[in-house]
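Trainee: These protein sequence lines are chains U and X, in that order.
Going by the working numbering, the first sequence runs without a break in its numbering and finishes at 589.
Going by the working numbering, the second sequence runs without a break in its numbering and finishes at 170.
Hints are computed from structural coordinates only; laboratory data are not their basis.
By construction, the Cβ of each residue, glycine as well, lies at the ideal position given by its N, Cα and C atoms.
Hints are supplied without guarantee of correctness; some may be wrong.
For each label pair, taking beta carbons as the anchor points, the in silico distance ranges come out as [as the list claims (entries may be wrong)]:
no., chain 1, residue 1, chain 2, residue 2, range
1, U, ALA218, X, LEU13, 53 to 61 angstroms
2, X, GLY11, U, THR228, 54 to 62 angstroms
3, X, ALA8, U, ARG584, 27 to 35 angstroms
4, U, GLY120, X, SER88, 37 to 45 angstroms
5, U, PHE375, X, LYS116, 26 to 34 angstroms
Take a look, some chain X residues computed to stay more than 10 angstroms from chain U by CB distance [said to hold, decoys possible]:
no., residue
6, LEU38
7, MET68
8, ALA69
9, GLU73
10, LEU83
11, ASP150
12, ILE163
13, ARG168
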Amino acid sequence: MIRQATMVEARINGLPVKAPEGTSILDAARRAGVRIPTLCKHPDLLPTAACGLCIVKIAGDRKMPRACATALQNGMDITTHDGELTRIRRTILELILSTHPNACLTCGRSGNCELQTLVGEFGVRNDRLEKHIRDVPSDHSNGSIIIDFAKCINCARCVQVCQEVQNVWALSILHRGIQMRMAPAGDISLADSPCIKCGQCAAHCPTGAIVEHDEIAAVWEALGDPDTFCSVQIAPSVRVALGEEFGFPPGTNLTRQIYATMRRLGFKAVFDTNFSADLTIMEEASEFVERFAHGRGSLPLITSCCPAWTDYMEKNHQDLINNFSTAKSPQQMLGVVAKTYFSEKMGIDPSKHFQVSIMPCTAKKYELERTDEMFASGYQDVDITLTTRELARMIKQSGLVFSEMPEEDADSVLGEYTGAGTIFGTTGGVMEAALRTGYYFVTGENLPQDGIEIMPVRGLEGVKEAEIDIQGAKVRVAVAHGMANVDKVLDRVRAARERGEEPPYHFIEVMACPGGCIGGGGQPYGISNEVRRKRMEGLYQDDKDRALRCSHENPSIKQIYKDFLGEPLSEKAERLLHTRYKPRKTYRR
Amino acid sequence: MKTKSADAELGSLLDWVEGMRKRVREIAREWEGREGNLIMILHAIQNEFGYVPRGVANELAREMGISMARIYEVITFYHYFRLTPPGSHTVQVCMGTACYLKGAEKLHGELERQLKLMEASGVRKGEFHVENVRCIGCCGMAPAVVMDGDTHGRLCPDAVKDILKRKRGK
């Protein structure tokens, strides 16, 4: 039986409120329709009580406690807003501004900066206090994200995400008092730090202190060159998140409007990363069957389509390198078949073929040049990655009215996808897709209609486990997202290995970001579990709506194997669609 | 081609690393399992090496299974810890209230200026390590400076040059 949470009753601004014991005043007020301003508390994170904006008054208490870090208690009589609180909050904002540059016009967060919004709302119209701007150069060292230390307001969200949620520890809070600042340990550059480029710091930063590396200009340039053939691919999770930048609710599936937009931007071919997600599944499920059913290779097999995760693994889990799937990520698979198969078929000179990918992810920018295998076509397989946020800006630059775009189809043959491909964008999706096809490879039949949705691997639980029966053989799987959860799963694998026991799992799916790609570091701002759930629902609905829901049923996949690749794990498939991993130093300095 | 002396140099460096690792291990083991042991371990490391070198911090992180970020958060938070090698001479400028009011900041400024001039004339950078400290309890002698353990009081900026000179002479 589930124990009923004890409820506490209090008054907020005179109105009675009820909330489960332990609820913060901040959350209780929000439920009662009152938003208390904060710049440090994020729905994903624990309160740090750093910014001081969420102070409230409690009758009988002479102090003003911070609503984020104070639990609602029985009988409290709380005032969240009055003239005095507004004046104090305004002063706090002025103090923050005294160490913040007035660079809004040219800032990467202009228009959706939490600080800028509050300053506007509170009507701060001049710099009353002397400015003390941190004089530390920006860090442009890693190509995925940029840190502008001068814009940091010391809220420590990025540090909490980097340390506690992702267990990466690239960022830390150094020094104290007026000197306190966020930086990689020992003031090394981000490139020399353990950073895995997941971009969760950027997704949680309230200001422009951490932003993605903007590469829109290079895409415009390629599109403007008459000798260049520009093609584009759109990742699974982008279709259910991009709309948020144009006023659609989270989870709205805009796949076909995005295709139309891409053509109008000037792309000559519009592909879908969902197609290559199906391709990844063909290779990865074959790999799994080889290891599981034929005993060729180490178990568990661990997925590797997330570049932040492979970077983390190469730095922190080097003993498990042989367990990694060698199948490339869908981004890289699409790039290589676009510049080989498609270019040959259409008579396009691959040296003039410029491939852009639209990704929910900042680490995908790093993946483009990760190893020599990312140049398997003889050229860089994917030339540029834009995050969902960059694409939204590019559409706005283009003057296209996104909400009025018609619905179009992607180009054949690298545009057709199944339900299995589309769910790649959420935690559990790769596992579910691989099991649908793995089951077929072993049994020669599809999973029964009522078993095709593998519910135990869905949802936002940090670690999900399931056991699937494939003709009497039990396949034990685990799904982890958020790097801190991954470590727990791998520790179990190691412990079993040390005891000489059978591995606790046969197959493990890992995605670096909480929620998987739908919660990626390059997605529209304002992430929370509520938004993650809606984006997930959007993808699962897309899966449900597809006539074909297994990668091996995709007619274009059948065709590419017949025309070009032979069969999964063939010599050609190995050469074009697989990669290798090597140990990397956690700290390069 | 490597020369013999380069080999010898490399050999002694490797010996140093080996010795350093052994010492870090010993220090970490000594405090193993005790709550809040990181600060005590870092104290021991600073006593051993004179400061907390990055390589030693890295070794300690590995030994304790913690991140470098955690170590740097501690050693940058507490002024006691040094991230750079100490100089041959330490100059502590008292910034207690009395000394501050009597012009400690001017003393500090003059110290830095004189050291820059000395560096320009060939004195090794870092030979003098200057730091500001909290009240040293000699308020009657304000403003005061402690040089290698000797307290000098009622200083005016002009006197700084002589004190440094005398130290160098020794």
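Trainee: When the hints from earlier in the document are held up against this structure, which numbers fail?
Mentor: 1, 4, 5, 7, 8, 9, 10
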